[in-house]
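Protein chains: 2
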Amino acid sequence: MSDWTLELDLRPGDGPLFRQLHAGLRRAIADGRLAPGARLPGSRTLAKRLGVHRNTVLRAVADLTADGWLETVQSSGTFVAADLPRRPPPSETTGPTYPLPPGPPPDDRRPPDDPAILSFTSLPDVERIPQAAWARAWRRVLGRHGRVALDYADPRGDRGLRAALAHMLATTRGLAIGADDVLITRGSQMGLYLIGAALLGPGDVVAVERLGYAPAWRALAAGGARIAPIPVDEGGVDVEALARRCRRENIRAVYVTPHHQYPTTVSLTAQRRLRLLDLAVEHGFALIEDDYDHEFRFDGPPLFPIASVDRRPVIYIGTLSKVLAPGLRCGFVVAPPPVLERLVARRLDIDRQGDGVGERALAELFAEGEVQRHVQRMRRLYHRRRDRLAGLLRAHLGDTLDFAVPAGGMAIWARVNPAVDLERWSAAALARGVWLMSPAAMVADDDPPAGLRLGYARLAGDTLTRAVRALAAARRDGRRGG
Amino acid sequence: MSDWTLELDLRPGDGPLFRQLHAGLRRAIADGRLAPGARLPGSRTLAKRLGVHRNTVLRAVADLTADGWLETVQSSGTFVAADLPRRPPPSETTGPTYPLPPGPPPDDRRPPDDPAILSFTSLPDVERIPQAAWARAWRRVLGRHGRVALDYADPRGDRGLRAALAHMLATTRGLAIGADDVLITRGSQMGLYLIGAALLGPGDVVAVERLGYAPAWRALAAGGARIAPIPVDEGGVDVEALARRCRRENIRAVYVTPHHQYPTTVSLTAQRRLRLLDLAVEHGFALIEDDYDHEFRFDGPPLFPIASVDRRPVIYIGTLSKVLAPGLRCGFVVAPPPVLERLVARRLDIDRQGDGVGERALAELFAEGEVQRHVQRMRRLYHRRRDRLAGLLRAHLGDTLDFAVPAGGMAIWARVNPAVDLERWSAAALARGVWLMSPAAMVADDDPPAGLRLGYARLAGDTLTRAVRALAAARRDGRRGG
Chain A
1 MSDWTLELDL RPGDGPLFRQ LHAGLRRAIA DGRLAPGARL PGSRTLAKRL GVHRNTVLRA
61 VADLTADGWL ETVQSSGTFV AADLPRRPPP SETTGPTYPL PPGPPPDDRR PPDDPAILSF
121 TSLPDVERIP QAAWARAWRR VLGRHGRVAL DYADPRGDRG LRAALAHMLA TTRGLAIGAD
181 DVLITRGSQM GLYLIGAALL GPGDVVAVER LGYAPAWRAL AAGGARIAPI PVDEGGVDVE
241 ALARRCRREN IRAVYVTPHH QYPTTVSLTA QRRLRLLDLA VEHGFALIED DYDHEFRFDG
301 PPLFPIASVD RRPVIYIGTL SKVLAPGLRC GFVVAPPPVL ERLVARRLDI DRQGDGVGER
361 ALAELFAEGE VQRHVQRMRR LYHRRRDRLA GLLRAHLGDT LDFAVPAGGM AIWARVNPAV
421 DLERWSAAAL ARGVWLMSPA AMVADDDPPA GLRLGYARLA GDTLTRAVRA LAAARRDGRR
481 GG
Chain B
1 MSDWTLELDL RPGDGPLFRQ LHAGLRRAIA DGRLAPGARL PGSRTLAKRL GVHRNTVLRA
61 VADLTADGWL ETVQSSGTFV AADLPRRPPP SETTGPTYPL PPGPPPDDRR PPDDPAILSF
121 TSLPDVERIP QAAWARAWRR VLGRHGRVAL DYADPRGDRG LRAALAHMLA TTRGLAIGAD
181 DVLITRGSQM GLYLIGAALL GPGDVVAVER LGYAPAWRAL AAGGARIAPI PVDEGGVDVE
241 ALARRCRREN IRAVYVTPHH QYPTTVSLTA QRRLRLLDLA VEHGFALIED DYDHEFRFDG
301 PPLFPIASVD RRPVIYIGTL SKVLAPGLRC GFVVAPPPVL ERLVARRLDI DRQGDGVGER
361 ALAELFAEGE VQRHVQRMRR LYHRRRDRLA GLLRAHLGDT LDFAVPAGGM AIWARVNPAV
421 DLERWSAAAL ARGVWLMSPA AMVADDDPPA GLRLGYARLA GDTLTRAVRA LAAARRDGRR
481 GG
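As they're listed, the protein sequences go chains A and B.
The numbering of the first sequence is the numbering used here, which starts it at 1 and goes up by one.
The numbering of the second sequence is the numbering used here, which starts it at 1 and goes up by one.
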């Protein structure tokens, strides 16, 4: 192993060279850049690197050793004295000297940072991804196409991957599109951010489902737009309420999750889908359709997206976060080319482009059918887990939770018996090792629903049982306590 | 290989099931989702997937075959008729139905999209990266840590990579910092964007070098800030001009490239560095120090960054784009933790986090000393290429270009003889296969310098000679022509 060469800032004001070197080394030790016990480069190396005579180095080292900063171990080298107090980098005392805007509020959407705590997340099970095939594809791309894949490239993303995604959408979701209708983004999050930053500005209004996905709202508001919540019921977003709102104010965009509404899992009715399209054309708003877990429909075939009926008013957003892994950061936007052009211009400002090697490797996984087979496997697995969670909830929390089994997706939405103090229950559950996301984190106004989104995709059999039992026990704690 | 299962939108209004299936398949063919010659799934598969009797499928297929939409090849399967006209996806006619902001101006910073055209880019030579070690590290990380590395994670980036970067900066650049002072970003571009979006807003002013890097200015203006150009001379940015400007208006941030000024390659004098720090503290502005190619200093040791003198007023930005590859998209920001907290909050809105597997793999490359050795190799290589380009320019364009050999970096900045029509010369050069970036793309006002930034890092011996000779020939073309 070779490490970085130590560089020192020699200051002419510090006198003769050996004194400058002495001061430079002392500064490096005093401010923690050279830690106690760290080995110094050899005197010849240091002399060569600094362009000084070796005797100059030897003299400085001898002086520092005499002062107790360094110690020389026979036939082993020179080290920073091990008994010096360790200096942590002075982060806390280093500014800034300029004013800052207010800090962000605490994040109430993330479970505590403790791997022992279970959470009913609706994230996918990443342990079953086709790991070996993926690593092979990555190595192959780096070896064969590294020169191109590591260079500046098309900010829309690798054309092969865009073609693979277009083919998937055409075959499984009824979207008659080609590669140039697709923009690859870093998760659906970036797709939403680009829309918020590039198409919407201060004074604009974006209508969203009142119960929904808060990170999407923050992204859509990035350019200064205001969020307007629209009620959600068993048929999805209340399109007539939206129609009334459109007559009152100028809505520039509407953000919906029609396939499996987040967090309630309901599907938007066919009648409402068509009405939504009509409203979009009539009022000239962009209809942002987030189809985040399309693949996982268990009861009957998946519903085709609204964009398959009429693409003109729709910006369609999807992701591989649920299909493969959230850490992959691969999402996509389908929209008419002039719309994509605006999003791409903003993308160039943010991070220029995606990950060339990763995108090409992913395209190879599609070409090999690995993604397709993985989706089939996971669909069967999540189907079983959905049924298992539904059974467990009925058996252990039948008097507390009321739910309809969702036709697909990765979570059950359960209404909580109004007599239950949800906050107290959540605290008791956390004490028993299960974290529940507060419904306050899923509402666009200050009237949170008495509901829980219970994800099952990542919880294998035993864990699922253990988590539900802990919830039930926490419920009994509450009864005893109150 | 297995492909996606074809999904069809069967519409109850279309009558009996076989008619719905007939109409659904015809729609898929008509709008290009099923291309001429595409193979249909087997009738059993289709029947099972759609939940209908196999006879229903057979009836629909028979009718479509009779109509000429499908053709059946004995013992091979059923295909979409090969002689149907191919329908390109109707991208051009699909909207949008909502108004758009104006489109972006054309990008004048990119060479034409033709691999045969040479350009004096200052990008690194990516052919020499430690490819095999990198692919090994990537596979190892996916195999051993995939479950964690592919999940939601710390938006500041992998802690191991942050520690490796902090160690590099402490050893080679005199920054007494630890992992928690570092935020990993997607290239320095994203670091600048986060500053522009999170710390600066409408009405704020950012001072920049008048000659400089336009993508940085766009990122810094992302939140609505206004750009104020400050002159640059042989000593770097004119700090006294900045001081006068600070007295006139409230400057919130100052963006500089002190080590090798972009595009002029000069180093900011020691006196100006200290004065800049004093001004930053006095006027309360954030001093953004972009140290984009620190590693490549050939004449003497690299200059320590301004942040090594006093970190409190400085936001320090670096990148691995020049060290390894631009397509890697790995940069970093060093700033006091409360500043990083603001940037991280915006990062969460944009794309949540970086690439977990890639960051860990990179941390392993640092631990193995691969990055360190690569930097040493490339420093020697670029040193030779700098000297070679300087020699070629003197020999072939001595009467046209006037330059000082830069102490480091990846480009020579050459002033063009005022008698030369640079636009005409550039056009002639392009006709001879060499693209020159217009100086208008490197200036923050409308007074472009008569200068050329000629990068040498990516041009190996023969290519360098060929490119300079083409430039000289284009110069003669111009003389003859005019």
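Rather than coming from a laboratory, the hints here were simulated on the basis of the structure.
Worth double-checking, as some hints may not be accurate.
Per the computed footprint, the stretches of chain A lying under chain B, defined by three or more beta-carbons under 8 Å from a beta-carbon of chain B, are [stated by the list, open to error]:
no. : stretch
1   : 167–173
2   : 256–267
3   : 318–330
No experiment lies behind these values; they were computed from the predicted model shown.
C-beta atoms are modelled at their ideal positions from N, C-alpha and C, and glycine is treated no differently.
Quick rundown of the hints versus the structure:
no.: 1; hint: 167–173; verdict: holds (count 6)
no.: 2; hint: 256–267; verdict: violated (count 0)
no.: 3; hint: 318–330; verdict: holds (count 6)
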